[in-house]
Amino acid sequence: MKRWSTTSIVIVALLAAAAGAALALLTPRPVEAQAGADVPRTPDGRPDFSGIWQAMNEAHWDLQAHAARPGMVTQPGIYPYEYARVPAAPVLALGAAGGVPPSLGVVADDGEIPYTPEAAAIRRANGENWIDRDPELKCYLPGIPRAMYMPYPFQIVQGTTKIQMAFQFTNAARTIHLDEVDPPPDDTYMGHSVARWEGDTLVAEVTHFNGETWFDRAGNFHSEMLKLVERFTPISRDAIQYDVTIEDPKTFTRPWRISMPLYRRLEPNMELLEYRCIEFVEEFLWGNLRKEQLVRRWEGETIIVDITRKVPPGDQLHDWYRR
Amino acid sequence: MTRRLLALVGGAAVLAALAALLRPAATGPALQTPWGDPDLQGLWTYEVEIPLQRPARYGDREFLTDEERAALDRERAAILGRTAEGVRRHERGTEQDVAGAYNAAVFTTHRPTGQRTSLIVDPPDGRIPPLTPGAQRKRDDIRAFQLALLQPTDVCRNGLPTCAGGKYGPVSPRRDEPPPHYITLVNAGGAAVGGGGGAINRAFGPEDRNLLERCMAGVLPDFGSNLGFLLQIVQSRGAVAIYYDTSQGQGWQRVIPVSDAAHAPQGVRQWWGNSRGRWEGDALVVDVTNFTPKTYFNGSYENLHLTERWRRVDDRTIEYTVTMDDPTVWTRPWTVRQEYKKQSDRENRVYKEPRCHEGNYGMTSLLSGARVEERAFAEGRGPDPATKCTAACGGFAQGFDDSGEDANPLTR
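These protein sequences, in sequence, are chains A and B.
Just so you know, the numbering used here puts 167 at position 167 of the first sequence, and the rest follows in order with no gaps.
Just so you know, the numbering used here puts 103 at position 103 of the second sequence, and the rest follows in order with no gaps.
Since the hints were made in silico from the structure, they are not lab data.
Careful: at least some of the hints might be erroneous.
[As the list claims (entries may be wrong)] Okay, the calculated bits of chain A under chain B, using three or more residues with CB under 8 Å as the criterion: (1) 54 to 66; (2) 160 to 166; (3) 186 to 196; (4) 269 to 276.
[Said to hold, decoys possible] Example chain B residues on the side facing chain A (calculated, C-beta under 8 Å, incomplete): (5) Thr45; (6) Met216; (7) Gln266; (8) Val268; (9) Lys352; (10) Glu353; (11) Thr364.
[Stated by the list, open to error] Simulated restraints, written as ranges between beta carbons of each label pair: (12) A:Asp44 to B:Pro112: 51 to 61 Å; (13) B:Glu207 to A:Tyr275: 39 to 49 Å; (14) A:Asp132 to B:Ala144: 37 to 47 Å; (15) B:Pro130 to A:Gln293: 27 to 37 Å; (16) A:Tyr275 to B:Gly362: 15 to 25 Å; (17) A:Glu267 to B:Pro383: 19 to 29 Å.
Note that the Cβ used here is the ideal one computed from N, Cα and C, for glycine as well.
With these hints in hand, go ahead and build the complete structure from the sequences.
Have a look at this one:
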């Protein structure tokens, strides 16, 4: 009797478990933490992030909250005050297009990036030497998370065991592995991404960075110890909440987070075109080594920018007034 | 307590069994995606070596016998072995000897010879169709410029194969002219042999160097080279992403929209063109247009038109067929067929990095070296840089010699 009852309990349990497991695996994902019913889904019920996306914020200028700046590069003007700087030579000819738009920032919690004192000094120097140090200006691979919020679209192709992300900027690419995969043989610019699903959220752990990439144009940076946990959660059909926990004990005193939505590019004819900037930066990288230089003056590796602004007849300041 | 434990264990076992059963990957070959398209996903490469064009000695013969393949494998292995051991070298200290250093075993292939005598399946002679007069003129222009710059070097003095069509002579006034066309690759001038460096023998600025040295050599179509070739394909509804892992960090990411939308406007010209895919039965058919005048494929530039067919033949195989059409360049379209075999996903063998550009110290060294030589010459401390060869000097043919009996038996 006792033996029979044990067996029967096990059988009942097995059946119940089987039914439960079948239900769990066969029905769409649970309703909690679920976005609108219009979120596209794969046949196995996961959110389908496939499509062309782009951040719509100023994080690529500076992750942190900042007021507008008069130029991408500035110098002291008439006044000796920090708040009264003026655009510097490299961007002077760009006028109002050369400024930096303001932002409330994307750094979560207290909005601070917890640099160690040594790293904070490097961050300041990076900002002051932006043109010479920012890997973006050299058209280098932008790294993660920076590639996700640069002012260029990127495409997600969500396959069955891999999710491929193709970035317009410098044709960069990244694979998020949902299956088991060996680590890369060396450290990388774009990281090694392995992901799992937590309900409707895709959680990617990104490691194996080489420490050569930055976060933004303000000089925020990290070392090769960088580890990311990215969370992609659908907000609606056309928006993804993108949260990243950033950890790098060599650079930061504690983990910190950035958080922003990514938006679908809704143009019906949207496609990813090329921004193959390697050829765009040859002058920037090697102009000083030309036999006949195109830029008027190089002093060693420093470009001396002499700005000549030729104004065609009829386009003099206020000419339009007189038309 | 025991019962609960048993129940838990039993339940867990059923869960595990069910999970295993329901996971599609565990149910054997799946040639369709869960959403019903042919499944091209995975890592792919070709596993046998087949020359693009059929060597003349095979005439109209499409296939090699097993004995011929074995003999070719032995012959190739012997040449590559001599290279790897440094037995076969050009005269010590010559520019060809330096260029030939690239012939080390790392650049060579270990793939066995394939059955076909050419990748080209149409025209039936397995050869690229003749060039139109216009394309031939363009090629001749480039070749004449290449030769003008090579003429005062040892390459021409010694009558080496890379000077074919030229002759030894004084420094040409053409050295100071802009190139007649956008400089792409060594063979844009029709030179049939290995380059051992750039396309024109000059380094006034980065644009004088070839696209490989500028880290911009990724082309479409790409039939691979001894320097490596892997495709990583990921697809979703409406898009097929292909990462081309090609030689020396020149790899690139392609996304093919599967859509009946029109091509991008004519004015939008791109290095890798503009692709439009559609499913036809078990094949992805892709139409590619809108190339730039800077892209180069066997004589064709911006008017190249490709029709590709990617067909999943079986669990291990994709058959790739591509027709090249450019009436401004070839007298008729031609078609290549290649078979890709599935590779282990787990081994993570496709590398998007290191890329060539982030580590392009070569360009810095090349240009600063050229400036140093010019200064030395101006100060009477060195030879005229125009007489030295830094591009298309020969001596490098991916493990083989660029001519003679140590040349690649599959292409000579």
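*Verdict on chain B covering the segment 160 to 166 of chain A, where coverage means 3 or more residues with a C-beta closer than 8 Å*: Coverage by chain B holds here, the residue count being 6 at a Cβ distance below 8 Å.
*Hey, does the B:Lys352 contact hint survive, CB to chain A under 8 Å?*
This hint holds: B:Lys352 lies near chain A, its Cβ roughly 5 Å from the closest one there, short of 8 Å.
*Quick one: see if chain B covers the segment 269 to 276 of chain A, three-plus residues with Cβ-Cβ under 8 Å.*
holds (count 6)
*Outcome, coverage hint (the segment 54 to 66 of chain A, chain B; C-beta under 8 Å; three residues)*: violated (count 0)
*asked:* Next item in the hint list is B:Thr45. Is there a CB on chain A closer than 8 Å to its CB?
replied: Interface hint status for B:Thr45: violated (17 Å vs cutoff 8 Å).
*Should the hint that B:Pro130 and A:Gln293 are 27 to 37 Å apart at their CB atoms be regarded as holding?*
With a Cβ separation near 43 Å, B:Pro130 and A:Gln293 fall outside 27 to 37 Å, so the hint is violated.
*chain A contact restraint for B:Val268 - C-beta distance below 8 Å*: holds, 7 Å
_If I claimed the Cβ atoms of A:Tyr275 and B:Gly362 lie 15 to 25 Å apart, would that claim hold in this structure?_
holds, 24 Å
*asked:* Can you verify the interface hint for B:Met216: is its Cβ closer than 8 Å to any Cβ in chain A?
replied: holds, 6 Å
*asked:* Let's test the interface hint: is any C-beta of chain A closer than 8 Å to that of B:Gln266?
replied: violated, 14 Å
_Quick check on B:Glu353 please, does its C-beta sit within 8 Å of some C-beta on chain A?_
holds, 5 Å
_Outcome of range test on Cβ distance (A:Glu267, B:Pro383; 19 to 29 Å)_ = violated, 58 Å
Hint check: violations occur at hints 1, 5, 7, 12, 13, 15, 17; the rest are consistent with the structure.
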